[in-house]
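The primary structure of each chain is shown beneath.
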Amino acid sequence: MLKDELIAAIEACDEQKCVHLLNGLAEAARRSVHPSVAKLYKDIDSAFRKDFGPTRSQVVRVHTTAGLAMLGTATLSELKKISSWHLHGEAQLAILADRRPEWLAEWAEFELERNFRNWTFIRTLIRAGLIPKPTGDFYALGMIAAPGRSLGARQFLELDRDLLNDELWRLFQCEGSGELSLAAYDKYVQEQKSWLDAFRTMTADGTIDRARVLTSTLDALIRDFAPFRAGWYSRLHEALKPTATERVAHREKYLDLLSSRVPATVAFAMRALIEVDKAGAFDTFAALDRLGAAVDARDKGTAERALSLLTGAAQNTSKEELRERIAAVAARALGHSSSDVQALALGLVENRTALLDSYRPVLAASLRAGLQHTEEAHPTIAAPLLVTEAQHPVVPVSEVEKLTELFAAVLENQGPPVDIEQVIDGVARISAPERLTASLAKRAEKLLMRRERPQPQTVLAQLALAWARGYRIPEPTAEDNLADFLVWRVWCVAEQAALHQERSLLSLPSWPDGRIDPTDLARRIESRPQEDIRAAADPASLLHLDLIQARLRAGADLDRLPQPHLTWNKETWVASGHTYSHHRLVLEVPESAKRSRFNPILLSTASFRASLPMKRWCATVCPAWREGWFAAGCHDLGFNLDWWEANWSTRAYLETLVEPHTPIGAMGGLLLALGLGAKEAGEGMLAVDALIAAVAQGRLSGAEIGCALIQAASSGAIKFARWSKQFGRAAKAGIPHATAIFIAIEAFFESGQQKEAADYCKLVELQRELAHQTGLRLARPGAIKTLESIPTGGKTKRVIAELLNL
Amino acid sequence: MGGTLATSFEHVDRYAASSSVSAAGIFLAASSSKPSTVPFFDGCLAAPRRGADLLLTLAQIVRTRFYTPPGMVQRLIQQSDPVITCGSGMLRFEGLSACCGVYARVDVFGSAFDADRLDPGTSNVDFNPPMRAALARLRDGERPRLMVSAAGFGVVSSSNEAFERRVTLPTRWIKGFVEVQAHQARMERQFGVSGPTVQQFVRELLLQRTPGTIYISPIGNSLRLSQTVGRGAMPVGGIDRLRILTDVARHATELEVYSSGDGATAWRMDTPDARLFLVLSPEPSRGFSGEGQVLEALAKGSTVTARLRAMLRWENGLDARALAGQLGVSEAEVASGLAELGTAGLVGYDLAEAKYFHRELPFDLSRVAKHHPRLVAARQLVRDGYAQIDDDGSAWVRGKDGEYRVRRDADGGWTCLCPWIAKHGTSRGPCKHILAVQIAAGDVGAEG
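Read top to bottom, the protein sequences are chains A and B.
Note that this note's numbering has the first sequence beginning at 884, numbered continuously upward.
Note that this note's numbering has the second sequence beginning at 729, numbered continuously upward.
Because the hints were derived from the structure by calculation, they are not lab data.
Keep in mind that a hint or two might mislead.
Claimed, not checked - Label pairs and their computed distance ranges (CB to CB): (1) B:L935 to A:V1072: 54 to 60 Å; (2) B:R959 to A:Q1446: 34 to 40 Å; (3) B:L935 to A:M1332: 43 to 49 Å; (4) A:G1195 to B:L935: 29 to 35 Å; (5) A:R997 to B:G1113: 45 to 51 Å.
Claimed, not checked - With a Cα cut of at most 30 Å, we get these calculated DSSO-like pairs of lysine-lysine: (6) A:K1285 to B:K1151; (7) B:K1151 to A:K1325; (8) A:K1329 to B:K1151; (9) A:K1325 to B:K1128; (10) A:K1329 to B:K1128; (11) A:K925 to A:K963; (12) A:K1608 to A:K1668.
From the three backbone atoms N, C-alpha and C, an ideal C-beta is built for every residue, glycine too.
Using the sequences and the hints, build the whole thing.
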């Protein structure tokens, strides 16, 4: 019977038998066997998904054969329901060629859309005349990946030259997405196998029409493709090295592309138009409106090129009306972030007040100084922006319901630190009603069962169980860093809670930053039973760490502070012909005692891995002396200035620099300088916040900042371009900030450090702007000598001269 | 009420022709189930480059997923076409990003066009790639005709055949579209900047790519970005999403910023004859659909919803206070009714005017409006008798991990001990336990 024979053929992986059995069958006969085939396919498909054992290859063969039978018996909707599969081979083609269902074209489009890797098989159907060419984008796009790893794109096209007539040109109309685009494909293949190389070589030898390729690339660029995918077309265009004549012929398209939303396309078009101009075929006045878009471009080079065309046109006309039009277009560049672009635009706008007025606030200080209205040279800047100093005193939680809610919140959010401290304090004083805390305990249990057990969530969950159910949690073992200290502290409170000992703690901060008012602490000590105070002095007591913590937060016990020492270390290595280097800071604490939980001051100098919430909590351990903490921060940040790894916890160190009561010494200053040189934008932004706050609050002077810059730059790890940007942002906060930064940079110049760095000029440019903003001038002979000794030319020389001659 | 809540539904846009641009003008095809022989709008654009830039930005937002959940391996969801509303001398184009986290609206004022025809109505419009490419080429100095019509267009066009676009829209996307109106209604202006500062601010965003929450504060006529809370600073989550303003910032005369204190922010960019609104969800990973801001209003219902519905009439300036006066009810009752109409897609909110406007979203919202999972779950808790209210008004509600204590805090707000409220507070609306207590106590309606 057909059904039985077919099933047997499938189970025997006999594809030829399947084809033979289905050959010539009427549709009704196919449908009659389909239920059995479908059932078998379902069972085999299940095994195909799960069985990766020794029989895997057999499973795959049976699955393929079953798929054949499905192709020969299923309807279109039934085929759509089975999972995507790899179509290939003569047998599948034979089945479909024999059956020729009316829905074959629709099925082909469907298969292409859900798995573009079936393109080769679909193409086979087309070449066999079984289906017309699909009209959907996936037919064109699927071709991109069809060469596979073995063939190059050129080779692939040579094997099917019919594709050169139509499909090839559809590639300029379909954007693609994800991995399926020309840009994505070429990124991961060798150049000689790429599509770009295929187009280039076929154009060079006349296989395809060069003019059509050039035009098609520009037509593709106007299609609003995403930047990554659009870039392929501009690269192809340039790879063909258009001649001057060809550039001129495409002038209007280049002009249209100036309005592109892709910055790289605008830059490409602008460079092409410069070539058109050099060929003497560019009428700037006719293109004025469209050039405006290029003048607006974020890219400095693009804006400068557009302005150069405008400048040329302005110089070649004496008609005031035309010069006005040029000025109106050029004025759009006055808001550019580059002062060089602004300067070019200003040269065209001149003193046209109506055009200038709205841009005055955003002009560089050095340019404002040259304007006719002299009061603009030193504009009144708004009062310095201060980070809020208002901190609300911490109030102990008094109600058990509020305590439970707070506990539930810190358990989920692992902070903020002040809430954690309030919870610990509350747990020590207030017993846990069973009904109220049952859900909290349940939640804590669930969290502890997870594979990932971050801190402080884990120790807080343990505390919850100790409080709510009297569980005894294991005693910690590590004593290497501040996180370990805090875990020990919580363990002590958990022990008390498990033993139902209700006792007030001493260590609840008075303020969110961790400080305890000394009078608060004195009052707390006085109100405690004397035996508790005596017991707390014993290191074996559960109260001892609480006392240590309280005293540190009140600013006591700060004698014999450790002296952390940092040294820069540079590692260099060579790989694939390139030299790489990495800077790191080595942190040492000479002559220190062994680390223990009883000496958190020493523990604060330890660099350690922890989550951001944990580090934020650790920052509250010793608010009165943070140099050790900052030294650890310098170690971590110095290792990761260029963001080699995504270590988000480092920001906890920078955040403490912002706090208004944090004294900033040498380590804090160095941390700030490193933060300003960090690549990760959040760290840089935090450093700017800290700088603004510290200067405004008098915690850091220009001279101190200068010392920090010198120490940071001694590594050679700092990119001065980053410093320049961040200092520029900080300077906008007010004249006191700009002044402090000016003094700091002057001191840095005087040190003579790293003056050969390629981006040293960025600091010089910044200093020039600061000079205009503040009215200050370089006065230190050493700084002047450093700048005069820099062997340079061009723009750097001009800026140095300008600064020295102010 | 039982059964499974639909997580998505198919929406069909039927276009008599594709949108196109030719020498004769811009034809925006409007979707309609009924063939129409007259256009919504027919007129000339006064500043075509500016209008094109604004519409292209909107089209880009609708196509963009600003956040892709980890492990998302399926095809990106399809997105709906932008929605256009004509009424009271104005054109409004609205859209929601594919991730449900950015709502955009372009209001084109009457001064931006000379209209031969402006009939009230709402429809999807076809923003196909050729249309977008052609919009990119528009230049000032021209006065292209703009027609928005559900009819076929007699302009020469290479692709003017009727077609359907079927998209599978997640229910959460529709909910996001309606939820965002409730956010806006609670927002207040924080600060503003003008002129070239807007462009400089947007460029600054391009230079500083930062995850997490950024704080923005005005300093002089500029805006400072900070990582630290400061006096007068406003938190903005996912500020990188504002980079979408890059191509339109040069048209800005003003940028006004609003927030509601719950993390959502609105950015109103004024140009001489149009306005662009962007409303950002508190974080890129949070779309507007799950924010739960209308839950209590939905649960409670309003006695004046039907009467409000009759007063809409394609008005652009529906003021809650004025409506309350006309209806003789409290402003709170009207606000509740407008929130209900908002969830039915019948009103949007105009932040600039602090008023609602009538439009009728072209989606089938009957399956969405009342089937909010949290509300459904809350009602079920009440029906099962799991909400036990004490004499003092606080309650115990049985959840999957035991009982949760629900009570009012010192500020009069509600708290609950469930992990969801523990993590988020009520910033995303009440949890089902709180809603259950409110329903059981008679504060809100028990039935939908």
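Here is what the structure says about each hint:
no.	hint	result
1	B:L935 to A:V1072: 54 to 60 Å	violated, 33 Å
2	B:R959 to A:Q1446: 34 to 40 Å	holds, 37 Å
3	B:L935 to A:M1332: 43 to 49 Å	holds, 45 Å
4	A:G1195 to B:L935: 29 to 35 Å	holds, 30 Å
5	A:R997 to B:G1113: 45 to 51 Å	holds, 48 Å
6	A:K1285 to B:K1151	holds, 15 Å
7	B:K1151 to A:K1325	holds, 16 Å
8	A:K1329 to B:K1151	holds, 15 Å
9	A:K1325 to B:K1128	holds, 10 Å
10	A:K1329 to B:K1128	holds, 13 Å
11	A:K925 to A:K963	holds, 14 Å
12	A:K1608 to A:K1668	holds, 25 Å
Figure legend: structure checked against the earlier numbered hints; the only hint not met is number 1.
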